[in-house]
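Engineer: Spelled out from the first residue to the last, the chains are:
There are 2 protein chains.
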Amino acid sequence: MLQPLRGFRDFYPETMAARRKMFDRMIGAVRKFGFREIDTPSVEGLELFKLKSGPDIVEETFSFVDKGGREVTLIPELTPSVARMISARRKVLTFPQKWYSLGKMWRYEEPQSGRLREFYQLNVDIFGADNIESDAEIIAVGIEIMKALGIENEIMIKISHRQLMQGILECMGVQNVEEAMHIIDRKDKIGAEEFKRQILAVGIREELLDKLMELLSFRKEFTKEAIAEIKGAVENMLPFSSKRRDVQEMTPGFSAALHAAEKLEKLSSYLKLYEVENYCALDLGLVRGLSYYTGIVFECFDKQGAFRAIFGGGRYDNLIELFGDMKIPAVGFAIGDAVVEQVLRKSGKWYPEKLETDFFVAFTNQDFYPLAVRIAKMLRNQGFSVEIDLLKRNLEKQFKYADRVGARRVIIIGDEELKEGKVRIKNMETGEQETMDLKNLLPEG
Amino acid sequence: MLQPLRGFRDFYPETMAARRKMFDRMIGAVRKFGFREIDTPSVEGLELFKLKSGPDIVEETFSFVDKGGREVTLIPELTPSVARMISARRKVLTFPQKWYSLGKMWRYEEPQSGRLREFYQLNVDIFGADNIESDAEIIAVGIEIMKALGIENEIMIKISHRQLMQGILECMGVQNVEEAMHIIDRKDKIGAEEFKRQILAVGIREELLDKLMELLSFRKEFTKEAIAEIKGAVENMLPFSSKRRDVQEMTPGFSAALHAAEKLEKLSSYLKLYEVENYCALDLGLVRGLSYYTGIVFECFDKQGAFRAIFGGGRYDNLIELFGDMKIPAVGFAIGDAVVEQVLRKSGKWYPEKLETDFFVAFTNQDFYPLAVRIAKMLRNQGFSVEIDLLKRNLEKQFKYADRVGARRVIIIGDEELKEGKVRIKNMETGEQETMDLKNLLPEG
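Line by line, the protein sequences are chains A and B.
Per this note's numbering, the first sequence runs over residues 5 to 449.
Per this note's numbering, the second sequence runs over residues 5 to 449.
Calculated from the structure, these hints are not laboratory results.
All C-beta atoms in this analysis are idealised placements derived from N, C-alpha and C, irrespective of residue type, glycine included.
Wrong hints could be hidden among the right ones.
[Claimed, not checked] Taking lysine-lysine and the DSBU-like style, the derived pairs with C-alpha atoms no more than 35 Å apart in a straight line are:
(1) B/381 <-> A/95
(2) A/56 <-> B/401
(3) A/200 <-> A/56
(4) A/276 <-> B/443
(5) B/56 <-> A/25
(6) A/56 <-> B/25
(7) B/331 <-> A/108
(8) A/396 <-> B/95
(9) A/267 <-> B/426
(10) B/381 <-> A/358
(11) A/353 <-> B/108
(12) A/396 <-> B/224
(13) B/430 <-> A/95
(14) B/200 <-> B/215
(15) A/56 <-> B/71
(16) B/267 <-> A/423
(17) A/95 <-> B/353
(18) A/151 <-> B/426
(19) B/443 <-> A/228
(20) B/276 <-> A/404
[Unchecked claim] Calculated Cβ distances over 10 Å to all of chain B for the following chain A residues:
(21) 158
(22) 189
(23) 204
(24) 207
(25) 242
(26) 266
(27) 292
(28) 312
(29) 399
(30) 419
(31) 439
(32) 440
[To be verified] Listed next, the stretches of chain B that the computed footprint assigns to chain A, with coverage defined by at least 3 CB atoms under 8 Å from CB atoms of chain A:
(33) 21-32
(34) 37-45
(35) 87-100
Okay, chain A solo, but in the shape it has when bound:
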């Protein structure tokens, strides 16, 4: 039997009905914030992704040489495409542009739990606004999606600021901050001993190692107090940040870290306005692997830590410039379908995998087919979803089918009632039946 390719999925109607509910709720939340749908090609020149992620991206993509000899790829993510689009119209677009899209993406990697070769991803971004107000709105809309799905109490959003940890690392003696961030990103994978070896190798002063470990495991509610604590920790770095220990001059790293902490403070007060601060945590261990982030970074997890990140994102003010000649600030996130479905299922919030139909029109005699079509037509004109028997089945089988398609009401055209100019209507939820005059049902005669 022919199967879908590994890591690809077929969705039959019942499952799709549940998925459509999931997608509708996600999109509904985003639209309430005034985000606008856009659409991009699913195939792009490979250079677009190399531009953002370097040549290694090729390994992880469904890329190929097309029949015209061009290196192309199924898009593994949306950001380069929207960056290209923003860049192409940078001179005519009014900012901010608030965009969303829900589409398929593809990655050539080993399929595993929550990670498939073909997946859906909702992307939500604000372009052209470089401030904490837009950072707050992006996080608020992410939480609004979780609320729309009914899983807001199952999740936690870890927030940090790229320049906070970068600044701290600089203060601690690191020269190659990118490399250090990369090591921190792999901390849990490589283990504590190997982590210490590698992080010392990039220049952390040995006497500050314990302090770094402490900061990396810092995770508290996203409150003024927690941020004040971090600010204090940064201020304590001042003696180390200076090249001359006797003069406490502010190095770029120190002031960047302090500035980042102040931004987080403002963000915290804004998240309070949105009444979403309880879903947020300040987590200095969060660096997100992607080096293109320039400001806040965040990741949403299920509280039990059973699954991969539900969504993740941040501010990336320098990316769009790569695709054109204008710097346009941006903040956004992406949320895949697979992990959301896992969380919904685990928390018992997954949608019933069943069909829904307003009316099924049954008839006991093939002579009544014309009447069935007319009744169905009238109900469809009123906006109802209606099925009629297409297989000349007996009434029992018609009811079985009506049940399978979740018909709320079955209209039965039978000999006896019809003699009196009536049809029967059965409410499938309550089991109640009533008869109705045909001339009421079809007033036009």
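On the provided structure of chain A, position chain B as indicated by the hints.
Structural biologist: Chain B alone, transformed into the frame defined by chain A:
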């Protein structure tokens, strides 16, 4: 500047708003008939398409060898995937299964008007029902889509039956009917002279050539009378259909043609029940190139013939067997986005390419940002789409933005009104303004 690949499209918010309306109307029509959404992979093993269409399909697809060494392709059409899905669950599915999906497909061909390398296609199929009732429903739903789009008076559906022309050809002496159908399909391309030469070469009796030409150009309203005319023409074939001219025995070709005409007769009476017969024409010249059709075939065109087919389909009862071991009858059609958009635009029915927003919350002073967020939050909770100023703009620029996003109402938080505990609300359609007590707008205080 980086561009999308040739034959691929970027859709910005304004255009996408119009496209979403088009898609919603199309899907709304299909759902009223009780069709259920399904979803398939966008990449499949190439053998799936070779099975249906032969090895030549490779030329026209975005196919490639994946990193695992497997021949795969971006799907150029949906039918093989749904046939695979139906076949995989043939033993557990209850029939009929009425499926639809709206998704992207890809063809590697020269981009031209109404034909792109990446396009959207809505597929609508009924599986497991082998009768004229389902044929009629499929055509009715096709016309319902045209009505939902408001272009039902711009279009005409040509209908024929594969076995009608096949039977006539057999009666006329053709041995290789497939080949003859193929020649007929290319009739307009190759010109009358070349057509006559080729069609005579596959065995048409010379004395019947004029009769064939006459039948091929037969196109009349889809009425009983027109079908009776064709039935008469078929009956006139009887003398030719027999091997022995003195004994009028019915050959398979003759009886197939007669049977097909009777089916069309029944279809005609059913289309009358749906009150869609006026949109239909009986057209014997319609054969549709794809040889897998086994019953009715149809194509929907704009009446002026300015564009390619809007949608096309038919009955294909032998296809699903290719993907499994069970014969499952099927009838359906596919409708692409590009031609529908062309017809909508030409007939002045294309949707406004503009954004819509329920509320924009403007404020004259950054101190009012917290109040703006609270008002926006309250309105979003009521289901409205709401934007607030994110760029600390002056009021004039905020109104310009509100206008661009099509805000129906602007709430203005200004110093003067706020002193009295009020905000102003401007109706952007009428220009009317009123003030409102904050405590009415935010009753929770």
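Engineer: Taking the hints in turn, state whether each one holds.
Structural biologist: Tested hints:
1. For a cut-off of 35 Å, the pair hint linking residue 381 of chain B to residue 95 of chain A stands: about 32 Å separates their Cα positions.
2. Between residue 56 of chain A and residue 401 of chain B, the direct Cα distance comes to roughly 34 Å. Compliance with the 35 Å bound is thereby established for this hinted pair.
3. Taking the CA atoms of residue 200 of chain A and residue 56 of chain A, the gap is about 30 Å. The hint holds against a cut of 35 Å.
4. A distance of roughly 20 Å separates the Cα atoms of residue 276 of chain A and residue 443 of chain B; the hinted pair therefore holds under the 35 Å criterion.
5. For the proposed pair residue 56 of chain B and residue 25 of chain A, the alpha carbon gap of about 34 Å is at most 35 Å, so the pair holds.
6. The straight-line distance between the Cα atoms of residue 56 of chain A and residue 25 of chain B is roughly 34 Å, inside the 35 Å bound, and the hint therefore holds.
7. In summary, the hint linking residue 331 of chain B to residue 108 of chain A is supported, as the alpha carbons are separated by about 32 Å, within the 35 Å threshold.
8. Between residue 396 of chain A and residue 95 of chain B the CA atoms are separated by roughly 20 Å; this keeps the pair inside 35 Å, and the hint holds.
9. For the suggested pair residue 267 of chain A and residue 426 of chain B, the alpha carbons sit about 31 Å apart, so the restraint of at most 35 Å is met.
10. For the proposed pair residue 381 of chain B and residue 358 of chain A, the alpha carbon gap of about 33 Å is at most 35 Å, so the pair holds.
11. Proximity of residue 353 of chain A to residue 108 of chain B is assessed by CA-CA distance (about 30 Å); at most 35 Å being required, the pair is judged to hold.
12. Restraint check: the Cα-Cα separation between residue 396 of chain A and residue 224 of chain B comes to about 31 Å, which is no more than 35 Å; the hinted pair holds.
13. With a C-alpha separation of about 30 Å, the suggested pair residue 430 of chain B and residue 95 of chain A falls inside the 35 Å cut-off, and the hint holds.
14. Taking the CA atoms of residue 200 of chain B and residue 215 of chain B, the gap is about 12 Å. The hint holds against a cut of 35 Å.
15. Among the hinted pairs, residue 56 of chain A with residue 71 of chain B is consistent with the structure: their alpha-carbon atoms are about 22 Å apart, no more than 35 Å.
16. Only pairs whose Cα atoms come within 35 Å are accepted, and residue 267 of chain B paired with residue 423 of chain A is accepted, the gap being roughly 30 Å.
17. Between the alpha carbons of residue 95 of chain A and residue 353 of chain B the distance comes to roughly 30 Å, so the proposed pair stays at or under 35 Å and holds.
18. Under the criterion of a C-alpha separation no larger than 35 Å, the hint pairing residue 151 of chain A with residue 426 of chain B is consistent with the structure, at around 31 Å.
19. Straight-line distance between C-alpha atoms of residue 443 of chain B and residue 228 of chain A comes to about 29 Å, which keeps the hinted pair within the 35 Å bound.
20. At most 35 Å may separate the alpha-carbon atoms for a hinted pair to count; residue 276 of chain B and residue 404 of chain A meet this at roughly 29 Å.
21. Its beta-carbon lying about 21 Å from the closest one in chain B, residue 158 of chain A satisfies the requirement of being farther than 10 Å from that chain.
22. The Cβ of residue 189 of chain A sits about 25 Å from the closest Cβ of chain B, beyond the 10 Å cut-off, so the non-interface label holds.
23. Separation of residue 204 of chain A from chain B is adequate, the least Cβ-Cβ distance of about 37 Å exceeding the 10 Å criterion.
24. For residue 207 of chain A, the requirement that its beta carbon stay farther than 10 Å from each beta carbon of chain B is met, with the minimum near 38 Å.
25. Taking the minimum C-beta to C-beta distance to chain B, about 31 Å, the non-interface status of residue 242 of chain A holds against the 10 Å cut.
26. Every C-beta of chain B lies more than 10 Å from that of residue 266 of chain A, the closest at about 17 Å, which supports listing it as non-interface.
27. No Cβ of chain B comes within 10 Å of the Cβ of residue 292 of chain A; the nearest lies about 23 Å off, and the non-interface call holds.
28. Non-interface call for residue 312 of chain A relative to chain B: holds, since the shortest CB-CB distance, roughly 22 Å, exceeds 10 Å.
29. The beta carbon of residue 399 of chain A is kept farther than 10 Å from every beta carbon of chain B, the shortest such distance being approximately 16 Å.
30. The non-interface label for residue 419 of chain A is consistent with chain B: the shortest C-beta to C-beta separation is roughly 20 Å, beyond 10 Å.
31. A cut-off of 10 Å between C-beta atoms confirms that residue 439 of chain A is not in contact with chain B; the least separation is 23 Å.
32. The beta carbon of residue 440 of chain A is kept farther than 10 Å from every beta carbon of chain B, the shortest such distance being approximately 21 Å.
33. Coverage of the stretch 21-32 of chain B by chain A holds. Counting CB-CB distances below 8 Å, 3 residues qualify, and the rule asks for three or more.
34. Against chain A, the stretch 37-45 of chain B contributes 8 residues with a C-beta closer than 8 Å to a partner C-beta. That satisfies the three-residue criterion, and the hint holds.
35. Look at the stretch 87-100 of chain B against chain A: 8 of its residues bring a Cβ nearer than 8 Å to a Cβ of that chain, three or more, so the hint holds.
Every hint from the earlier list agrees with this structure, and none is contradicted.
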